[in-house]
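Q: The lines below spell out each chain.
Number of protein chains: 4
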Amino acid sequence: MVMNYTGKRVKKLKKLLEKKWFKGDDRRMPSISEIKKALQELKIETPSWGYGNSGTRFKVFTIPGAARDVYERIADAGTVHRFTGVCPTVAIHIPWDKVDDYKALQDYAGENGVAIGAVNPNLFQDEDYRLGSITNSDPAIRRKAVAAIMECVEIGKKIASHSLSLWFADGTNYPGQGHIRQRKEWLEEALAGVYRAMPKDMQMLIEYKTFEPAFYHTDIPDWGTAFLIASKLGPNARVLVDTGHHHPGTNIQQIVAILLQEGRLGGFHFNDRKYADDDLIAGSIDPYQLFLIFNEIVDAGDLSAGIAYMVDQSHGIEPKIPAMIRTVMNIQTAYAKALLVDREALSQAQAEGDVIAANSILQDAFETDVRKMLAEIREEMGVPADPLQAYLKSGHQQKIEAERV
Amino acid sequence: MVMNYTGKRVKKLKKLLEKKWFKGDDRRMPSISEIKKALQELKIETPSWGYGNSGTRFKVFTIPGAARDVYERIADAGTVHRFTGVCPTVAIHIPWDKVDDYKALQDYAGENGVAIGAVNPNLFQDEDYRLGSITNSDPAIRRKAVAAIMECVEIGKKIASHSLSLWFADGTNYPGQGHIRQRKEWLEEALAGVYRAMPKDMQMLIEYKTFEPAFYHTDIPDWGTAFLIASKLGPNARVLVDTGHHHPGTNIQQIVAILLQEGRLGGFHFNDRKYADDDLIAGSIDPYQLFLIFNEIVDAGDLSAGIAYMVDQSHGIEPKIPAMIRTVMNIQTAYAKALLVDREALSQAQAEGDVIAANSILQDAFETDVRKMLAEIREEMGVPADPLQAYLKSGHQQKIEAERV
Amino acid sequence: MVMNYTGKRVKKLKKLLEKKWFKGDDRRMPSISEIKKALQELKIETPSWGYGNSGTRFKVFTIPGAARDVYERIADAGTVHRFTGVCPTVAIHIPWDKVDDYKALQDYAGENGVAIGAVNPNLFQDEDYRLGSITNSDPAIRRKAVAAIMECVEIGKKIASHSLSLWFADGTNYPGQGHIRQRKEWLEEALAGVYRAMPKDMQMLIEYKTFEPAFYHTDIPDWGTAFLIASKLGPNARVLVDTGHHHPGTNIQQIVAILLQEGRLGGFHFNDRKYADDDLIAGSIDPYQLFLIFNEIVDAGDLSAGIAYMVDQSHGIEPKIPAMIRTVMNIQTAYAKALLVDREALSQAQAEGDVIAANSILQDAFETDVRKMLAEIREEMGVPADPLQAYLKSGHQQKIEAERV
Amino acid sequence: MVMNYTGKRVKKLKKLLEKKWFKGDDRRMPSISEIKKALQELKIETPSWGYGNSGTRFKVFTIPGAARDVYERIADAGTVHRFTGVCPTVAIHIPWDKVDDYKALQDYAGENGVAIGAVNPNLFQDEDYRLGSITNSDPAIRRKAVAAIMECVEIGKKIASHSLSLWFADGTNYPGQGHIRQRKEWLEEALAGVYRAMPKDMQMLIEYKTFEPAFYHTDIPDWGTAFLIASKLGPNARVLVDTGHHHPGTNIQQIVAILLQEGRLGGFHFNDRKYADDDLIAGSIDPYQLFLIFNEIVDAGDLSAGIAYMVDQSHGIEPKIPAMIRTVMNIQTAYAKALLVDREALSQAQAEGDVIAANSILQDAFETDVRKMLAEIREEMGVPADPLQAYLKSGHQQKIEAERV
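Which chain is which? The protein sequence lines are A, B, C and D, in order.
Heads up: take any position in the first sequence, counting from 1, add 1, and you land on my numbering.
Heads up: take any position in the second sequence, counting from 1, add 1, and you land on my numbering.
Heads up: take any position in the third sequence, counting from 1, add 1, and you land on my numbering.
Heads up: take any position in the fourth sequence, counting from 1, add 1, and you land on my numbering.
If we strip away everything but chain A, and leave its shape as in the complex, we get:
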């Protein structure tokens, strides 16, 4: 969870990385109470923009009850937390969520039961950014873009946010349009400046994306580039994995494992997709992949401490709050199943080269029905056993649909 992040994580991670990753006793099966504890401690950050209308280039549909301003977006994040108990923070996006008084916004969030988490500068909404923001060949536009990020650092300081989450739409549409190496240099220069300005307890999350909106080359197209840049910046720069930002067939769980091992996994933007960056509900298309990602997280033990679990989805045709609650439930399901993996047996099967057995151990965990366990855990936490049904029956959706016209 984002809020837990402090500069301390760096030291702890360093220690862990100096030790061998593998300790026999880490592999034992957790007890039921440990599993429950882990599930109760998994915190998921939802994004403010996910509560407003969004869509495709063809049409942004008006979804009944969608939030119309930053206050309604934060209120909705609060509602999701109230029904799930595991979404105590909400990410904001500047300038969409720009206000005069961030202290007041923070207070408003608090009144709605949540805190503000990661701060995300949007650098794609101005005419200036047509050919790039921090990689634009015009130095004035690059300066403007860096200033916009610096503003987010300042906002973060004001609201005690520990995460600066950076995604850049920057890239080119045609061969020759931009100079790839030159743009990378501008990118590194810009981020170096921002990094220096960050307080010690802030981490920079660097997101990568294969394509879209740039169609020929994207300045940070893959984890390798994000990792390379983060490594140059320093220990507080990490890679943000958006599950939809890969080529079809990419083994995302392996990327997660490698970044964990290198101490550079900053967090996730969860969503699912069948083709490109479809931004569908996490686990709705390939639930096994989501499980396998959590399998790496669980397996990594303490190396996974401090990861930011965030949602980044665009509910273009479905109601916003129900879609977000369903997302949270799917993530919990994947995590619960990953916690059930018999790691001792798995370790043994791997050591013995028993392919079928090793694979079956994962499948067994995945095939386990965890809905009852999750219901029980939720009730222990004081939230509804089935958050989605509870929400739908609460009358809240009807209320906001009536209010927000």
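In case anyone wonders, no lab produced these hints; they're calculated from the structure.
Positions of the beta carbon are idealized from the N, C-alpha and C atoms, including for glycine.
The hints are all genuine.
Which residues of chain B face chain A? A few of them, derived with a C-beta cut under 8 Å, are: (1) Leu-132; (2) Tyr-276; (3) Ala-277.
On the provided structure of chain A, position chains B, C and D as indicated by the hints.
A: Coordinates of chains B, C and D only, in the frame set by chain A:
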């Protein structure tokens, strides 16, 4: 070219299909004058929507000089024709290009040197269509969508357009959301009604698309589905190949060859892409593929008669008219190179199983610099040898940038 | 199951297709006893070649206990049936499984508790086939290839097999190497001859494949082409869906739905993959997709009668019989979950446009743990509750590893 | 070219990297004599294995005249050099090219006009390596694999090879089969040992590959992982880019640019593909991509010094030597066109944000017919103007086809 299409094509195609596709003498190398004639006869239809602002889900940038209404869009199509000499028609999109008096619109087009070509109903821009248009589970919405297509049939009659070009955004985002077979039945029912209402000299072009804006399933996802539906409808229904609407790696030229062989290739929506449906300038990412597509068209000889060559692109960051002129030039380049293939030698190499020789014959044609030949042909047609440079020097772009604010 | 197929299916299908596909009462939830019955009736055919050593172009590893000849391969199929109770047939591949006396082979299969199912001609193993078999430009090689298929028709008659299963490695590696339309004509000509020679109660299954071993174009690359050819041949020609033979991201369940609706789904070659045609254990990479395929099958009701459920995998690093048993179990799991879908509720959610509810209904069925139910069903059938564990404990693997050196 | 590599490159690169990558005067258009000089200096290494029979998992066809042993393979490399003048080295693969006396082999190569270039250990051909070589869970197998690499280091010393080229087939086929992080640790441990054993003037080239023969996860799946490992090892470890080892749609030229910028591009394995790692003739499927790769190389100026240009292809259906000569010609064509790019104009267009102009500059260079220029250059070098035709007319192919039966 669309305008040439009449009911006669069907009979002619039938005859051709009854004969063997292959006649020795069809394979001879065309003479220079034949090549020139072929290039002068290649007509490319540009889309009205391509002259206005468009973009991605992240941002629609304001491109200086972009057309602001249907009249400016048609004027721009006229400008492209004036500089290239091969774009005598412009496709319209309803309701974007809706006017009260289509006769007057036709006259206006005529004054700008062009005619109106294919009529395209847009069925994705209304709130009603959130869960589909002609495949919506609500019969009232299906009826509304069919009525919108029928309106386009009527418009086509008024302006003597012979092409009804159909692309549907219909599909679902999640497993279970829709009933795949039921939706296909609704689709076929709707199109059967439209087909019956079409005049005899109108053809229905059915477009397919892998994904977007639907992210889990699209009702017409591939050429197989479009072909299947067209076959059920009758001889005036054909498949429209948009070069960007395939999975990465798809052999599009093979699809073109098969549809030509079956007499079901209605036409093209040209564009290029690196990842998904990026709608970039045709030939800008993979010029060899564009050449290989034209190679199949040339090879098919008379089977290729009556194909509609249309452009469907979204110039999100570049000036509209220059981008369209460049597109037309790239298409001509690919066609010119395909005309240069030594088909007799190729046929012999294929018969002898000489893999390297056969492949080299295509490569030789592709490596030939055809820019001078094209310049000559253009001058013979009374248009500038280099349409792009001529346009840029003409002052027209500056003029419209000043006028259209 | 293949053995059930007779000419009668055609008539029955025709009737079904004449009726509307949708009847309200088909949508009710099946009873537990019906679910059990359905699961006991699902028959899966295993391939003889799956029991011998196979691998990649880099290495064919020697798997301990792998079958060394056709008799051992059939015996292994018998073993899989003995432990699972649902694999009563084995597909053979000619010339790999060529024998002098097919009657004797049939008897031998019978002694091992199985019957011979589909007959598959292999047309890629001879030097002659370097540039194609039935699409080779050399007519003598085309004739040879057709004769090899005819031989399989004859074998099928001798052993009362009702399925001729056709996959062609034919295609080209380079642009220009072959003439796409000409090759398609040769293909159609060859299959027409075979079709005419088939007895009335034999069905021709036509498989398609995107690529490999041909790397530029494959003569039957997609379901559209296979469907087109089958349609021309007649009612006994159908499409065979190999789950690994698609571009990444393809919605295979939609193809299944369309083919069912058109009465042209002949059967499956099950396997799984992450990248290309990896031939991994079905359900091992994307179990949700396998479930969604079965969801279409169950939903289609009587339209699904007579489908051939076949396995086509290459266990390159894991023991053969355990891998096959695990495969069968995974297929049963997917089918069991698909049977649990509440189709009445789903239908209602779809009609109401309730996206989240509709999707949740599928997810609920998928998240249900069906292992106990399957164990019970197996015991009712007189086979072990856990066939894999039972096999591993039976000592059979050790026995064949010792015998087959 | 590999042979030029010495420890000096490291120092030179370091200097270059310390300077800005960009110097105005580097951008000027080269003179014709400079272009000719550059083309004459481009050296391409061919692989010994490319001259013997190889194929797919379905069939290894016997290609007439294919080399049968290491001596014939080296003789064939010599033949390719004799006709092209730019292939002075041949890569060897151990154990395929294992001999008792490497000094004698070196002499034999010299007699055939070539030298031995990179040494490649094959670590996939033994039964031991079924579950991995240097990432096998069995320490004895890991040691064996490391010993095999060490042997190659020793061979390299004996024959004064400066390149140790490493590709690992290692990976897993199923989720759970292996422990991703543990395997990465073993990998790093193994390579660290090898790196320490390398002489100062040897470079380690680390190749990555998305998939195949491992189908679920490959231990070095992408450039990011190869880069990460190389960075840990030291300045003599670099990344090897095989153009076929990426997901479809990957912007390979961007990877090349980034690695050049970071001083970590070791070299290439050239080939082309449409789907997966098809190992087709370089430039036969996407010649524009090959040009764009060389565009980055040319643009990088001195940063590109010392790159190893190597071919890695599998000519499964075409004659070996002609296929290799055609490959070399295609690579020269791409390089020649890249040298023609007007970098000053391009730089200006990029600075001005003129998308169409910048793209057109690349297209213009690509559309230029360079066949005559290349013919002239070849004649100046004393080799045939058209090496392929000259070879085919030389009678050499007939000779080896007769001799090698």
